[in-house]
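Whenever a hint applies, use it, and build me the whole structure from the sequences.
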Amino acid sequence: HLYHEAKHDFAGRGIKVDKVELDLGVMMGAKEKAVTQLTGGIEMLFKKNKVTYVKGHGTLTGPNSVKVGLLDGGEQEIATKNIMLATGSEVMSLPGIELDEKQIVSSTGALSLEKLPEKLTVIGGGVIGLELGSVWARLGSKVTVVEFMDSIGGVGIDDEVAKNFLAILKKQGIEFQLSTKVTGVKKVGDKLEVATEAAKGGDAKTSEADVVLVCVGRRQFMDNLGLESVGVEMDGKLVKVDDHFRTNIPSIFAIGDIVKGPMLAHKAEDEGALVSEYLATGKPPHIDYNTVPSVIYTNPEVAWVGKNEKQLKDEGVEYKKGKFVFGANSRAKANMEDAGFVKVLADKKTDKLLGVHIVQGVAGELIGEACIAIEYGASSEDIARVCHAHPTLSEALKGASQMTAFGKAINSP
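Mapping the sequence shown onto this note's numbering, position 311 (from 1) lands on 319, and the numbers just tick up by one.
Because the hints were derived from the structure by calculation, they are not lab data.
Bear in mind that the values here come from a model prediction, so they are computed numbers and not experimental data.
Just so it is clear, CB atoms sit at the ideal spot from N, CA and C, and this is done for glycine as well.
All the given hints hold, so there is nothing to weed out.
Pairwise CB distance ranges, derived in the manner of DEER restraints:
(1) V196 to E85: 47 to 53 Å
(2) K39 to E85: 36 to 42 Å
(3) E326 to E29: 53 to 59 Å
(4) K248 to E29: 50 to 56 Å
(5) G148 to K195: 20 to 26 Å
(6) L78 to G197: 40 to 46 Å
(7) P292 to K195: 52 to 58 Å
(8) G239 to D17: 57 to 63 Å
Here are the simulated lysine-lysine pairs, DSBU-like style, with alpha carbons at most 30 Å apart:
(9) K27 to K150
(10) K360 to K171
(11) K75 to K245
(12) K194 to K123
(13) K329 to K416
(14) K15 to K41
(15) K27 to K179
(16) K178 to K321
(17) K171 to K328
(18) K331 to K341
(19) K15 to K341
(20) K89 to K63
(21) K275 to K55
(22) K178 to K15
(23) K208 to K171
(24) K179 to K123
(25) K127 to K194
(26) K268 to K248
(27) K110 to K199
(28) K150 to K195
Right, dumping it as structure tokens:
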């Protein structure tokens, strides 16, 4: 983001910089340093809270026992009162497309490329594909996103937001092939040949790429967990749990990507804390998935919580909406970052807040206020009447709430 700004935006801000160059090795080093510090921080927290950390692959051997194949070799048996399954998910590919993490990469390989690809094809216009595709586009790659559906952003994104977001990314130079499927990827010399056709069938086309990034979703990680041998009941591809995240085996609990709800790290973190608290104190866990926010970490970011318009229409809920563009926000205008908007959805009769959708550079930070408001049953008028500091980007949420509650915002024509 900073590199792209220095190359393309600084001059318009009155900052003259000559010979801005990318040092990918240093950038990757900074990334690795951050990862090491964060993972090391988790190990420190384990030690601080007297958590024994065993590194390896765990397999259930009974209701109260786990066998661990240790990373350093050998095995270890662990006997325990309760077990929490939190194995997460792993990347998927398409049939016939084998990941080598060098030229045909998943999100893992895309974070460790050794050189800037001249042409990058992204298969999948969901959250991860857009995030990583936009990163390499800002660094200078010619990026093409191939998406099977007719819109971008994945599950839960509001249609109006998706259209606005698409226009912004196109303006940044990313090309999109929507309603298109990839039928194959093969190596031709040191390049890749990507075969595509219309999602509904049609003439086949080919294009060239230096790197292909496959982002077609993730699958629950269940490999060699011993679920069947112990008798853990499944709900399709998910582990079946009750309201306390307990499986049909009383001593075994499950959280995160392998149970119902959005496949998001912050959702899993909350579930883990709630189950731990339940086991320690007996306090029943509770999490409302409707108040779990989603964020696409591009530039600008996209964030939302609650329902989108299509969901409300499908559920037969009468609603009203208000929208405030960042072009009318003082802070955004002064920062020259005025693309995007805030949209607030509320019940037509009661004014209860139902959903908030934001497109902005720091949308992921702004969505927190909306999460609290929906969790506590606030109305759009409640947000509209709360004093927000000026000048701040958060005033746009207040403005959108004013539009929803009163049909007019003070700072919008």
